[in-house]
Amino acid sequence: MAAPVRLTVLGVARGWRRFEGPWTRRLGSRSLALAAAPSSSASPWRLLGALCLQRPPLVSKSLTPLQEEMKALLQQIEVERSLYSDHELRALDEAQQLAKKKSDLYGEEEDERNILLLQDLEDMWEQKFLQFKPGARITEADVKNDRTSLHRKLDRNLILLIKEKLGDQDVWMLPQAEWQPGETLRRTAERTLATLSENNMEAKFLGNAPCGHYKFKFPQAMRTESSLGAKIFFFKALLLTGDFFEAGKKGHHVWVSKEELGDYLKPKYLAQVRSFLLDL
Amino acid sequence: MRAEPLQKKKKVDPKKDQAAKERLKKRIRRLEKASQELVPIEDFITPVKFLNKARQRPPVELPFEENERRALLLKKWSLYKQCEHEMERGAIASLLEAQREALQELKLTAPELHAEATKRDPSLFPFERQGPDYTPPITNYQPPEGRYHDITKVYTQVEFKR
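Here the protein sequences come in this chain order: A and B. Note that UniProt numbering has the first sequence beginning at 1, numbered continuously upward. Note that UniProt numbering has the second sequence beginning at 1, numbered continuously upward.
Derived by calculation from the structure, the hints in this document are not laboratory data. By construction, the Cβ of each residue, glycine as well, lies at the ideal position given by its N, Cα and C atoms. Warning: the hint list may mix true and false statements.
No more than 30 Å apart at the CA atoms, straight line, and that leaves these computed lysine-lysine pairs for DSBU-like [to be verified]:
id: 1; chain 1: A; residue 1: Lys266; chain 2: B; residue 2: Lys107
id: 2; chain 1: B; residue 1: Lys107; chain 2: A; residue 2: Lys71
id: 3; chain 1: B; residue 1: Lys75; chain 2: A; residue 2: Lys71
id: 4; chain 1: B; residue 1: Lys107; chain 2: A; residue 2: Lys258
id: 5; chain 1: B; residue 1: Lys76; chain 2: A; residue 2: Lys71
id: 6; chain 1: B; residue 1: Lys107; chain 2: A; residue 2: Lys215
id: 7; chain 1: A; residue 1: Lys258; chain 2: B; residue 2: Lys81
id: 8; chain 1: A; residue 1: Lys258; chain 2: B; residue 2: Lys76
id: 9; chain 1: A; residue 1: Lys204; chain 2: B; residue 2: Lys107
id: 10; chain 1: A; residue 1: Lys61; chain 2: B; residue 2: Lys81
id: 11; chain 1: A; residue 1: Lys100; chain 2: B; residue 2: Lys49
id: 12; chain 1: B; residue 1: Lys76; chain 2: A; residue 2: Lys61
id: 13; chain 1: A; residue 1: Lys102; chain 2: B; residue 2: Lys53
id: 14; chain 1: B; residue 1: Lys53; chain 2: A; residue 2: Lys100
id: 15; chain 1: A; residue 1: Lys101; chain 2: B; residue 2: Lys15
id: 16; chain 1: B; residue 1: Lys107; chain 2: A; residue 2: Lys268
Partner residues are not named here, just some residues of chain B that face chain A (Cβ under 7 Å, in silico) [claimed, not checked]:
id: 17; residue: Tyr80
id: 18; residue: Ala98
id: 19; residue: Ala102
id: 20; residue: Leu113
id: 21; residue: Glu116
id: 22; residue: Lys119
id: 23; residue: Asp121
id: 24; residue: Leu124
id: 25; residue: Tyr134
id: 26; residue: Pro136
id: 27; residue: Ile138
If we strip away everything but chain A, and leave its shape as in the complex, we get (with noise of 0.2 Å):
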C-alpha cells in the first residue's frame, strides 16, 4: 500500500522544473513527459476519484465603490424620470396645506382630518424598521478567522480540505479515495464523502465528468512494476445540508476560500485546482 507522496523529493522536482518552462504559460496543463510507455496491458497508473466538495454562498457580495456610485446615479436618474407617487403627491398636499394655514392670518378653526400627517406615518415606519434586526453578514467565525467552521465567509465559495498523513509528512489536500474495479469514479467521490462526513452531508454533483485532474509520479524508492504513479479526478459537488460532527475531527478539515488555498495545498496541486475553481 503505497501511499501518493508529493513530488517535493528534490530529485524529482528539480528534473520536473526543466519541463515546466515552455509549458506553464498553458492554463492548469502540466503535461509530464512518461519515461517510458506503460507496456503491460494493466495500466501502471493508480486511479483516485477526489471531491472538491463547494459551500455555495449564503450572502451577496459587498459592492466596490464604483458599483455604489452607479448604484446611486442609476436611482436618482429613475427617480428624475419617474411620476410622483401617491405618497409624494400627498406630502404635496401637506405642504401646501401648511403653507396656507400659516399665511392664513384669520385663523381659521383646526381641521380635524389629517390627524396623521405623513411625516408621522414615516416616523412610525422608521421605528418598526429600526427594530428589526437582520442576520450579520460577518459572522463571528470570520472575527476570529476560525476556518472549520461553514459560517465563515458568507459571500465566498468555500471549499473543503483534508490533511492526511502520507508517508511520514502530513499533507493538506482534497478529500479523495482510491477507485476500486467495479464503480465509476464519480461512484468513488460519493464514497469519500460518505466515509468522511460519516453520512452527514448532503451534496449535489455537477455531472459525470471530472472537473479536473492531477497527476504525478511516485519517487523512487516507491515505484513499483504495477504502480508507476496516481492520477487524482476532482468531481465537483455543491454542499446542500449537513456538516462535519465535532468531535474527533479538529484539526483534520478546513474550509477554505480560493485565496485561501495557498496557505494550504502545494504549489503544483494546488495550480491545477486553481484551474478549475470559479472565482467569484
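With the hints as your guide, set chain B onto chain A.
Frame of chain A; chain B shown alone:
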C-alpha cells in the same frame, strides 16, 4: 268520452328539433368566428390614474458639473463591465479547458471509465437552488402573525376548437 283528437305531431317533431339544433350550432359558429378575447397583459395597460398631469415632475435642470460627472461615471462603468466580462470569459474558458484535459487523461488511462464519464446525468436537471440574499437567514426567527390575502386576478383562456 270527450277526448281530444289525436295530435299528429310525429312527422313534424324531429324536423323542428333538428332546426332548433342547427340554429344553436350556427350561433356557436358565429361566436367562434368572432375574434377571441385574449387574456390582457396587465403590465402593458397604463392605469388611468397615472395619466393625470398633476403627477408629472417638473423637469430638472442639472448643472454642467453634474452632467460631466455622470458622463464620466458611465464611461468608467462601461469599461469596468467590459473588464468583468473578459474575466468571466477567461474563467469559463479555463474551466472548460481543465475539464477537457481531465477527460483526455481519463481516456488515455481507462477508456471504459471515460465512456461512463461522458454519459448524460439525468438526475442533474431540474436543478433548483435559492440564490444568495443580502443578509443570512436568522436562526429561530418568529415571523409576525397574519394572513395573506391574495388579490391577483386570474384569467382563464377558453380555447375554442375549430
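Here's how the hints hold up against the structure:
no.	hint	in the structure
1	Lys266/A / Lys107/B	26 Å, holds
2	Lys107/B / Lys71/A	49 Å, violated
3	Lys75/B / Lys71/A	14 Å, holds
4	Lys107/B / Lys258/A	29 Å, holds
5	Lys76/B / Lys71/A	13 Å, holds
6	Lys107/B / Lys215/A	14 Å, holds
7	Lys258/A / Lys81/B	23 Å, holds
8	Lys258/A / Lys76/B	28 Å, holds
9	Lys204/A / Lys107/B	25 Å, holds
10	Lys61/A / Lys81/B	16 Å, holds
11	Lys100/A / Lys49/B	26 Å, holds
12	Lys76/B / Lys61/A	20 Å, holds
13	Lys102/A / Lys53/B	27 Å, holds
14	Lys53/B / Lys100/A	23 Å, holds
15	Lys101/A / Lys15/B	83 Å, violated
16	Lys107/B / Lys268/A	22 Å, holds
17	Tyr80	6 Å, holds
18	Ala98	4 Å, holds
19	Ala102	4 Å, holds
20	Leu113	6 Å, holds
21	Glu116	5 Å, holds
22	Lys119	6 Å, holds
23	Asp121	5 Å, holds
24	Leu124	6 Å, holds
25	Tyr134	6 Å, holds
26	Pro136	4 Å, holds
27	Ile138	5 Å, holds
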